[in-house]
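J.: Using the working numbering, you'd call the opening residue of the sequence shown number 12 and step up by one each time.
Derived from the structure by calculation, the hints contain no laboratory data. Hints are not guaranteed to be accurate.
Calculated cross-link-like contacts (lysine to any residue; reagent style SDA-like; alpha-carbon spacing at most 25 Å) [as the list claims (entries may be wrong)]:
(1) Lys177 <-> Gln131
(2) Lys14 <-> Ile190
(3) Lys127 <-> Tyr163
(4) Lys127 <-> Ala152
(5) Lys164 <-> Pro191
(6) Lys14 <-> Pro184
(7) Lys127 <-> Gln140
(8) Lys127 <-> Gly147
(9) Lys14 <-> Ser57
(10) Lys177 <-> Ala37
(11) Lys127 <-> Leu167
(12) Lys14 <-> Pro185
(13) Lys127 <-> Gln151
(14) Lys177 <-> Glu108
(15) Lys164 <-> Ser58
(16) Lys177 <-> Thr27
(17) Lys14 <-> Ala56
(18) Lys164 <-> Gly55
(19) Lys177 <-> His71
(20) Lys127 <-> Ser138
(21) Lys14 <-> Ser102
(22) Lys177 <-> Glu15
(23) Lys164 <-> Ala175
Distance ranges between label pairs, derived from CB positions [claimed, not checked]:
(24) Ala129 <-> Pro191: 20 to 28 Å
(25) Met198 <-> Asp132: 33 to 41 Å
(26) Pro136 <-> Gln181: 17 to 25 Å
(27) Pro136 <-> Asp180: 16 to 24 Å
(28) Gln194 <-> Lys164: 33 to 41 Å
(29) Thr23 <-> Ala129: 36 to 44 Å
(30) Arg133 <-> Gly55: 21 to 29 Å
(31) His20 <-> His143: 27 to 35 Å
(32) Ala195 <-> Ala129: 32 to 40 Å
(33) Gly106 <-> Ser54: 33 to 41 Å
What you are looking at is a predicted structure, and each value in this text was computed from that prediction instead of being measured. A virtual CB, placed ideally from N, CA and C, is assigned to each residue, including glycine.
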Amino acid sequence: MSKEETIQHILTVFQTSGGEIYGAEAVTQIEHALQAASLARDSGASSVLIAAALLHDIGHLLDDEMPGDAHARDPENLDDAHEARGARWLSAHFGPEVSDPVRLHVPAKRYLCTVKPAYQDRLSPTSLQSFHDQGGTMTQAEVADFEAEVNYKAALRVRAWDDAAKVPDQHTPPIESFIPDLQAAQM
12 MSKEETIQHI LTVFQTSGGE IYGAEAVTQI EHALQAASLA RDSGASSVLI AAALLHDIGH
72 LLDDEMPGDA HARDPENLDD AHEARGARWL SAHFGPEVSD PVRLHVPAKR YLCTVKPAYQ
132 DRLSPTSLQS FHDQGGTMTQ AEVADFEAEV NYKAALRVRA WDDAAKVPDQ HTPPIESFIP
192 DLQAAQM
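Generate coordinates for the entire structure from the input sequences, incorporating the hints supplied.
T.: So, in structure tokens, the structure goes:
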């Protein structure tokens with residue numbers, strides 16, 4: 012897939028599936044993605060981090076595209092491994108500066124809840140449930156492994172934007188305004 016085809020595919024995925032509600036939050040998948048990317052842009056982040064923020068949950072939208080990734084949909088368990096699915100797809104089209112923060116944004120939540128226990132109080136009810144479903148607090152070995160990841164600090168930034176990107180009716184630029192960031196972030 013060419014760079015242009017990759018970007019067109021991302022736009023199509025969001026146009027096709029982005030209107031789905033984001034878990035039990037009061038925003039859609041595309042609203043969540045656009046809010047996260049806007050927060051990244053507003054903070055002065057690089058195009059690479061803006062792309063990671065925009066695409067951090069793309070794994071939720073790629074279910075049917077990832078062979079061998081079928082998972083039972085248990086409404087009581089919010090761990091669908093979307094971070095791994097998204098990172099695998101993104102790693103074929105972007106460098107690790109984009110795919111790693113996507114892969115690590117779920118462990119980043121677990122990490123923050125472990126090293127800053129009060130962080131759990133800031134999570135939405137849905138995010139708190141998924142935190143428990145995704146493994147809860149980390150062991151000291153998991154903390155060390157997370158901190159050994161090259162892009163763990165970028166993942167912590169994406170996590171912060173993820174947590175803040177759940178505001179109903181928040182005005183954001185359209186997804187097309189992020190095309191230059193996606194282009195700049197591609198391999």
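J.: So, for every hint listed, does it hold in this structure?
T.: The hints, checked one at a time:
no., hint, in the structure
1, Lys177 <-> Gln131, "16 Å, holds"
2, Lys14 <-> Ile190, "11 Å, holds"
3, Lys127 <-> Tyr163, "16 Å, holds"
4, Lys127 <-> Ala152, "16 Å, holds"
5, Lys164 <-> Pro191, "23 Å, holds"
6, Lys14 <-> Pro184, "22 Å, holds"
7, Lys127 <-> Gln140, "17 Å, holds"
8, Lys127 <-> Gly147, "13 Å, holds"
9, Lys14 <-> Ser57, "19 Å, holds"
10, Lys177 <-> Ala37, "7 Å, holds"
11, Lys127 <-> Leu167, "13 Å, holds"
12, Lys14 <-> Pro185, "20 Å, holds"
13, Lys127 <-> Gln151, "13 Å, holds"
14, Lys177 <-> Glu108, "24 Å, holds"
15, Lys164 <-> Ser58, "16 Å, holds"
16, Lys177 <-> Thr27, "20 Å, holds"
17, Lys14 <-> Ala56, "22 Å, holds"
18, Lys164 <-> Gly55, "15 Å, holds"
19, Lys177 <-> His71, "16 Å, holds"
20, Lys127 <-> Ser138, "16 Å, holds"
21, Lys14 <-> Ser102, "13 Å, holds"
22, Lys177 <-> Glu15, "29 Å, violated"
23, Lys164 <-> Ala175, "17 Å, holds"
24, Ala129 <-> Pro191: 20 to 28 Å, "37 Å, violated"
25, Met198 <-> Asp132: 33 to 41 Å, "39 Å, holds"
26, Pro136 <-> Gln181: 17 to 25 Å, "19 Å, holds"
27, Pro136 <-> Asp180: 16 to 24 Å, "19 Å, holds"
28, Gln194 <-> Lys164: 33 to 41 Å, "24 Å, violated"
29, Thr23 <-> Ala129: 36 to 44 Å, "41 Å, holds"
30, Arg133 <-> Gly55: 21 to 29 Å, "22 Å, holds"
31, His20 <-> His143: 27 to 35 Å, "33 Å, holds"
32, Ala195 <-> Ala129: 32 to 40 Å, "36 Å, holds"
33, Gly106 <-> Ser54: 33 to 41 Å, "21 Å, violated"
The structure fails hints 22, 24, 28, 33 (numbered hints given earlier, in ascending order).
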